[in-house]
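J.: Turn these sequences into a full structure, and let the hints steer you where they fit.
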Amino acid sequence: MVTQNPDIYDPRKILQHSEFKVLSAGEKTDSDANIAAFYNPAHEIHLVQKPKPKPGPGQVLLHVRATGICGSDVHFWRHGGIGTMIVTDECGSGHESAGEVVELGEGVTEWKVGDRVAMEVGIPCSQPSCTPCRTGKYNGCPDVVFFSTPPYHGTLTRWHVHPEQWLHRLPDNLSFEEGALCEPLAVALAGIDRSGLRLGDPLLICGAGPIGLVSLLAARAAGAEPIVITDLFQSRLDFAKKLVPGVHTVLVERELSPEQQAAKIKAVAGGELKLSLECTGVESSISTAIFSVQFGGRVFVIGVGKSEQKFPFMHLSANEIDLKFQYRYADQYPKAIRLVAAGLINLKPLVTHRFALEEAVSAFHVAADPAQGAIKVQIQD
Amino acid sequence: MACTHNQRLYDPKQVNTSPEFRVLGPNDTPSSKDANIAAFYNEKREINLVEKPKPKPGPGQVLLHIRATGICGSDIHFWRHGRIGNMIVTDECGSGHESAGEVVELGEGVTEWKVGDRVAIEVGIPCFQPSCEQCRTGKYNGCPHVVFLSAPPYHGTLTRWHVHPAQWLHRIPDNMSYEEGALCEPLTVALSGLEASGLRLGEPALVCGAGPIGLAALLSARAAGAAPIVITDLFQNRLDTAKALVPNVRTVLVDPALSPEDQAMKIKEAVGLKVKVALECTGFEGSISTAAYCIKFGGTLMVIGVGKSPQTYPFMHLSLNEITLKFINRYVDQYPKAIRLISEGVIDIKPLITHRFKLEDAMAAFQVAADPKQGAIKVQIQDLD
Chain A
21 MVTQNPDIYD PRKILQHSEF KVLSAGEKTD SDANIAAFYN PAHEIHLVQK PKPKPGPGQV
81 LLHVRATGIC GSDVHFWRHG GIGTMIVTDE CGSGHESAGE VVELGEGVTE WKVGDRVAME
141 VGIPCSQPSC TPCRTGKYNG CPDVVFFSTP PYHGTLTRWH VHPEQWLHRL PDNLSFEEGA
201 LCEPLAVALA GIDRSGLRLG DPLLICGAGP IGLVSLLAAR AAGAEPIVIT DLFQSRLDFA
261 KKLVPGVHTV LVERELSPEQ QAAKIKAVAG GELKLSLECT GVESSISTAI FSVQFGGRVF
321 VIGVGKSEQK FPFMHLSANE IDLKFQYRYA DQYPKAIRLV AAGLINLKPL VTHRFALEEA
381 VSAFHVAADP AQGAIKVQIQ D
Chain B
56 MACTHNQRLY DPKQVNTSPE FRVLGPNDTP SSKDANIAAF YNEKREINLV EKPKPKPGPG
116 QVLLHIRATG ICGSDIHFWR HGRIGNMIVT DECGSGHESA GEVVELGEGV TEWKVGDRVA
176 IEVGIPCFQP SCEQCRTGKY NGCPHVVFLS APPYHGTLTR WHVHPAQWLH RIPDNMSYEE
236 GALCEPLTVA LSGLEASGLR LGEPALVCGA GPIGLAALLS ARAAGAAPIV ITDLFQNRLD
296 TAKALVPNVR TVLVDPALSP EDQAMKIKEA VGLKVKVALE CTGFEGSIST AAYCIKFGGT
356 LMVIGVGKSP QTYPFMHLSL NEITLKFINR YVDQYPKAIR LISEGVIDIK PLITHRFKLE
416 DAMAAFQVAA DPKQGAIKVQ IQDLD
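Same order as they appear, the protein sequences are chains A and B.
When you line the first sequence up against this note's numbering, it's residues 21 to 401, in that order.
When you line the second sequence up against this note's numbering, it's residues 56 to 440, in that order.
The set of hints was computed from the structure by calculation and includes no laboratory data.
Just to be clear, a hint being listed does not mean it is correct.
Said to hold, decoys possible - Taking lysine-lysine and the DSBU-like style, the derived pairs with C-alpha atoms no more than 30 Å apart in a straight line are:
| hint | chain 1 | residue 1 | chain 2 | residue 2 |
| --- | --- | --- | --- | --- |
| 1 | A | Lys-330 | B | Lys-329 |
| 2 | A | Lys-330 | B | Lys-68 |
| 3 | B | Lys-68 | B | Lys-99 |
T.: Right, here's the structure in full:
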């Protein structure tokens with residue numbers, strides 16, 4: 021199958037460009053230089069300077085205004101890979117972005133200069149012969165170009181060229197910050213969409229990091245009740261309670277077995293849960309979720325994790341528990357924007373730290389250090 | 056408590072402590088040709104013929120002459136290993152749960168049956184109380200107070216005379232034999248899995264395992280119009296049986312030395328594509344992992360078998376491919392469907408029976424069923440006189 025996206029977004033075009041250079045710490049750049057945060061196989065993170073791109077046919081040039089740092093960005097930097105996605109060269113980070121259209125490529129009629137957009141960074145092939153693309157599951161496209169998944173450079177930069185059909189208009193009442201938060205919200209919404217969550221369902225959310233928290237906000241908007249949320253850190257549970265005062269929080273105790281942890285969760289919930297949105301990807305947390313749900317219940321795993329994991333088979337079998345998994349998202353951005361614009365989901369409290377683009381390396385260190393207590397660190401330009 | 060009524064009614068101690076209960080040694084003979092003999096295993100990993108009292112049907116019950124009973128892998132497992140999950144053999148326990156029989160006596164208040172009626176026997180008896188969430192919401196297979204005959208400690212139906220609740224029997228039409236009536240039970244297991252899997256007309260399917268459940272799943276998948284279908288097993292003779300049942304099924308002999316990914320490559324070569332649904336009928340970790348690598352994005356891995364716990368699976372592969380892992384526990388509301396499918400000729404399940412024994416020869420039957428070299432698929436005990 022011939023697809024053009026891997027060619028168009030070939031990272032080597034940037035890495036081999038004469039204007040590409042890795043900046044040393046503290047090196048000054050012009051205020052409109054196309055700087056970006058890149059990581060590499062040596063587990064370094066640094067600012068680079070890249071050429072300012074020009075939009076081709078069907079593309080627009082964006083001034084990226086806000087980008088959130090994701091756990092996967094940190095993981096690629098520090099561990100060099102997730103599953104089969106391996107860092108083999110300098111790679112640009114960032115995929116949670118919103119920005120402003122500054123230049124149109126040939127044939128672009130949908131947008132005008134000044135339009136404010138959220139950026140959907142998973143670019144599938146969209147060919148009729150591709151089964152996932154043809155059947156409405158474009159997140160499963162085997163030829164997808166996902167910016168910031170190695171080798172494709174991400175959107176944590178100043179100037180970025182993007183296919184115009186993978187942008188979503190931001191209404192005037194959404195800030196660029198909120199636009200950038202639409203990406204993690206899209207992850208949560210994709211999970212909730214396929215999880216079967218309904219009004220009044222008792223729900224367990226595992227993990228109160230950014231994905232757990234957006235899942236909490238979305239689940240409350242969907243009318244789940246009661247909602248129990250777990251985390252290893254009390255500070256994250258306190259944050260969850262500020263976001264959704266009616267949520268029940270349970271601190272995870274490492275010395276408890278999953279069955280014991282589940283017993284505590286069920287006691288707090290007043291019974292078994294119907295569904296769990298598992299947002300950690302950690303084996304013991306997934307087992308805990310399995311022991312927490314009722315006969316015929318469902319554990320929906322949104323997180324990624326260790327490649328091979330153990331599961332309590334006989335408990336799953338005897339209780340007919342479904343295990344489902346979410347991989348990125350499809351068709352969730354418009355929904356995310358509607359929900360935020362209508363005030364049903366308030367994402368603003370999630371941004372705890374803001375950095376200028378020139379300070380991106382510091383931003384990464386804050387994001388990577390649990391002692392800093394960051395929820396969402398954003399780079400804003 | 057109302058929910059434990061069945062546990063008292065079917066209390067095995069009533070039989071085990073009866074003065075008429077005796078274990079028959081190899082040189083013992085039953086007291087008459089109508090004696091209520093049965094095949095029991097015990098906590099010492101023995102299997103014996105026993106003789107037990109002929110029961111009388113109480114209110115809402117009927118007395119059945121059991122005419123055919125299939126031996127299940129779980130019967131053998133309880134005999135030889137003493138447990139499955141939390142079900143542990145602690146005393147003499149009657150085997151058998153795949154039975155069909157004939158109504159011979161009615162208990163008080165029974166109006167829907169008459170003497171001579173021929174029935175398939177559903178042996179999972181839930182509490183059916185309004186306060187039981189599973190029973191009330193249509194998931195009676197999940198009833199925490201279920202009495203499942205032949206799961207220790209409750210005695211099974213591999214016997215001559217058996218008392219059963221009238222409402223957990225299913226009429227079998229005249230064109231169905233007792234043999235086929237007894238085969239309804241494994242068929243309901245396969246049908247449960249098929250229903251939960253969402254497998255539909257025209258979709259490609261993988262069946263893992265060509266034992267009785269795998270073969271029942273194959274027949275069910277074919278009846279549902281799945282195409283193409285590929286089936287795997289460790290033994291060529293089982294694959295040959297599969298091909299005799301469904302001539303255009305693709306068969307793949309499992310090579311235990313291959314990794315799941317490599318085994319999956321061979322399966323994909325055999326069928327030419329990735330499947331939408333895998334009906335996993337072995338419960339083996341390696342087979343389940345193999346199935347995961349055979350399933351397309353967004354497909355379903357339906358685990359029908361039981362197996363060791365915990366098990367390790369390729370988590371990231373499941374995650375990146377949005378593969379749903381589902382499990383079933385026995386069956387709910389499948390018997391009427393199973394009977395219709397057999398009676399209407401949509402599924403021909405008779406060929407699964409490879410060995411038939413009289414009730415007096417139940418011990419020999421168990422030896423054959425437990426010995427892979429005998430090549431048995433379904434061994435049935437039949438008491439047809």
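J.: Between Lys-68 of chain B and Lys-99 of chain B, is the straight-line Cα distance small enough, at 30 Å or below?
T.: holds, 18 Å
J.: Within a Cα-Cα threshold of 30 Å, do Lys-330 of chain A and Lys-329 of chain B meet the stated pairing?
T.: With Cα atoms ~25 Å apart, Lys-330 of chain A and Lys-329 of chain B stay inside 30 Å; holds.
J.: Straight-line Cα separation of Lys-330 of chain A and Lys-68 of chain B no greater than 30 Å?
T.: violated, 39 Å
Comparing the model with each numbered hint stated earlier shows that hint 2 is the single one that does not hold.
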